[in-house]
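Undergrad: Input sequences plus hints: build the corresponding full structure.
Line by line, the protein sequences give chains A and B.
When you read off a place in the first sequence, starting at 1, and then add 1348, the result is the number in the working numbering.
When you read off a place in the second sequence, starting at 1, and then add 1, the result is the number in the working numbering.
These aren't lab readings, by the way, just hints derived from the structure by calculation.
C-beta atoms are modelled at their ideal positions from N, C-alpha and C, and glycine is treated no differently.
There may be inaccurate statements among the hints.
[Stated by the list, open to error] Here chain A is said to cover these stretches of chain B; the calculated rule only asks that three of the stretch's residues, wherever they fall, bring their Cβ under 8 Å from a Cβ of chain A:
#: 1; segment: 25-35
#: 2; segment: 276-289
#: 3; segment: 292-303
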Amino acid sequence: MDQEQRDSLRPPNLDWSAMTSSPTSASARQLARNKGLAWVSAITLGAGAAGVVGAAAVAVSLPNLTAASSTTVSASSSTATSQGASGSSLQGSAAPTTTNIAPVATTGAS
Amino acid sequence: MTATSTLGPTMSEHLAWADWDAIGTRIRLVVTEASQLDRARAILTDDLAALDAACSRFRADSELMALDASAGQPTTVSPLLAEAVSAALRGAMLTGGLVDPTVGRAMETIGYDRDFDSVPAHGAALRITVSHVPQWRQIRLDESAHLLTVPAGVRLDLGATAKAWAADRSAQRIGRELGCGVLVSLGGDIAVAGQVPTGGWSIRVQDITGDPSSPAQGPSGVIAIRAGGLATSSTSARRWQRGGDLMHHILDPRTGRPADSDWRTVSVAAGSALDANIASTASIIRGRSAVGWLAKLGLPARLVAVDGSVTTLAGWPEVSP
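TA: Given below as structure tokens:
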């Protein structure tokens, strides 16, 4: 499998900002309705779509549920309450610097 | 091993360190005040024992393994396991699913079904079906209620994130409770907290974690960090063979097989060891596209290609061994 093929299998990039409230909550459902979205379970999707998005609840843009298999994910899963580590993106730090001090530890595979 | 020493010509602090084995890996603990080493070690030992009891995939009595009996029903779990799963799910979210905790069964399929020291180095060829792992979106976690739902048949493997998350957690706790500077390395996933030694925390980056006083094998360099974390993911360790196929422990969730990467080792510096580890693991799986991804995120990184050539990004210094 070459890189291009691997890229094509990659799950869609998800918008973290859309994941900050539980999609199973009433407010999130209302928000979805307001946006003209419908809440469905991916378990109702075709196998191909389920393979991509998993079996969590997803909001999809569709006129009716029967069209679900041809849609793409626009928002997200019920894991939205999971933010034990802070931040909606990977947190950066100051770049390491060079040093002539003897190392006190090593980082590598273990 | 426990030792104290003044390290390096410009380092005034009297650093003390201890090394030991736990949770299937090598632990190094360094503190800036030698008098606090024993207390720091006691804290870390307790933390790691709790981590093992909650999150081990290799202990029949762990809380994680007990989830098998939940048959897909919501289960109340300990705050520790809930936090560890939360960290894993965050990794999945922030990598588009490339660092996925639902690879447990796939790990077992390729032979990594026990503590790595007990995994036979060679074995018969495996019959593996290439397929998606169950995927992290099936996991439901209510952190406030510590309620976790894992679908029947899905086994979690927190190995990709738990060590780094635990290093952050323990470093913060030790720094806070003892008021000293501390470096916690769990198998090369490194977190620092508290007082910073003069010149920063000096760390050697290499393919395989080892004793810093021993010569490095392969490309290496010594850098210093002052905060956050540093992690390395590599296909150079935890390798075994089945038939003619070389296996390693970094699975591509899209195939359920060991990642076929352009990189053998990726090191990342970030605001925490957890984020560094999420980025380094995802980079191994992403392959060549990791360069653009890391650059866009602005995460300092060092990538070692399969042929040993080194690429540095986002301010990672060019250093010689």
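Undergrad: Run through the hints listed earlier and report the numbers of any the structure violates, in increasing order.
TA: Hints that this structure does not satisfy do not exist here, as all of them hold.
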